[in-house]
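A.B. asks: Listed below are the residues making up each chain.
Protein chains: 2
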Amino acid sequence: MISKPIQIKYIIMKKELTFIGLVHSPYSSGGEAPPQGSSEMCEIEIFEQYKEGLKDIEEFSHLHIFYWLHESHGFRLMVKTPWDEKTHGLFATRSPHRVNPVAYAVVELLERNGNILKVKGLDAIEGTPVLDIKPYIPRIDAKATARIGWLKHTRFPGKK
Amino acid sequence: MISKPIQIKYIIMKKELTFIGLVHSPYSSGGEAPPQGSSEMCEIEIFEQYKEGLKDIEEFSHLHIFYWLHESHGFRLMVKTPWDEKTHGLFATRSPHRVNPVAYAVVELLERNGNILKVKGLDAIEGTPVLDIKPYIPRIDAKATARIGWLKHTRFPGKK
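For the protein sequence lines, the chains are R and U, in the order given.
So for the first sequence, this note's numbering puts the first residue at 1; every next one is plus one.
So for the second sequence, this note's numbering puts the first residue at 1; every next one is plus one.
Hints in this document: simulated from the structure, not taken from any laboratory.
Careful: at least some of the hints might be erroneous.
Because identical chains share one entry, a pair is satisfied inside a single copy or across any pair of copies.
[To be verified] Computed list of lysine-lysine pairs in DSS-like fashion (alpha-carbon distance at most 27 Å, straight line):
1) Lys86 with Lys120
2) Lys120 with Lys152
3) Lys152 with Lys118
4) Lys118 with Lys55
5) Lys51 with Lys80
6) Lys51 with Lys118
Between the sequences and the hints, there should be enough to build the whole structure, so can you do that?
C.D. replies: What follows is the structure, encoded as structure tokens:
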């Protein structure tokens, strides 16, 4: 499948991102944040101009958070993780050093106060820009029995 | 919490996205694709220069796919969905018309042939640019009992 014409078309397109808010986190650098699944509480401050878009969000127990890893610079296609001594392809890992530094986490929504969301499970540092929030819907998002590949035979915590 | 200085710092930052591949889909326009969770097969073609990053990905049964909704233009903060007659805040919906047109889906990985991933569950049209692929890890990603808020009392299929 050769997709050259389409590929060229999109490379010249403008791809602009807008930050809709910021994370307020107890972590101030990447070294402090846990590699997967923080148990700390964070606050997500949504900028005033987007606040209306939060209506009804407090009815959901979990949210998808998409954020910009503003301190991630560069990537390698083969990476070593904290979980074993082998290298794996970047797209078979959750390394924060990616081609596009867009991070993703499922968080528990504890409370909403106006434009501030208090959440649990976000490993992001203070000042991390937020790109999007979507409601978590188990029917389409939860795959409880998914196979975890190479992670199964490693130190990865809580694997099954 | 006043974050003005941080906000200004990031607004002037360069936020550049790189497409790592393209979707090949039986759908050629947004009107054809189902609103949530396609059962059709799609192929994701990863560009040759990123192929190495796919190593070991075939060991995972499910993947997170992040893609760019290149035909989505503009957004509203209050939206009406196919599921009921009320309007809801954008961030409490999965509307494709978002502040940042970054879409997200969990797909089942059926097969990998070199730089081509055959997947099920992606509602994307032919030629959709791909931004990132991450392995699905149930311990951190699956929240089977999450509450689905306003969707519970609507026509949303397969709700619980």
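A.B. asks: Compare the structure with each hint and give your call.
C.D. replies: Going through the hints against the structure:
| no. | hint | in the structure |
| --- | --- | --- |
| 1 | Lys86 with Lys120 | neither (31 Å within a copy, 29 Å between copies) |
| 2 | Lys120 with Lys152 | both (25 Å within a copy, 23 Å between copies) |
| 3 | Lys152 with Lys118 | between (32 Å within a copy, 23 Å between copies) |
| 4 | Lys118 with Lys55 | within (15 Å within a copy, 37 Å between copies) |
| 5 | Lys51 with Lys80 | between (40 Å within a copy, 17 Å between copies) |
| 6 | Lys51 with Lys118 | within (15 Å within a copy, 39 Å between copies) |
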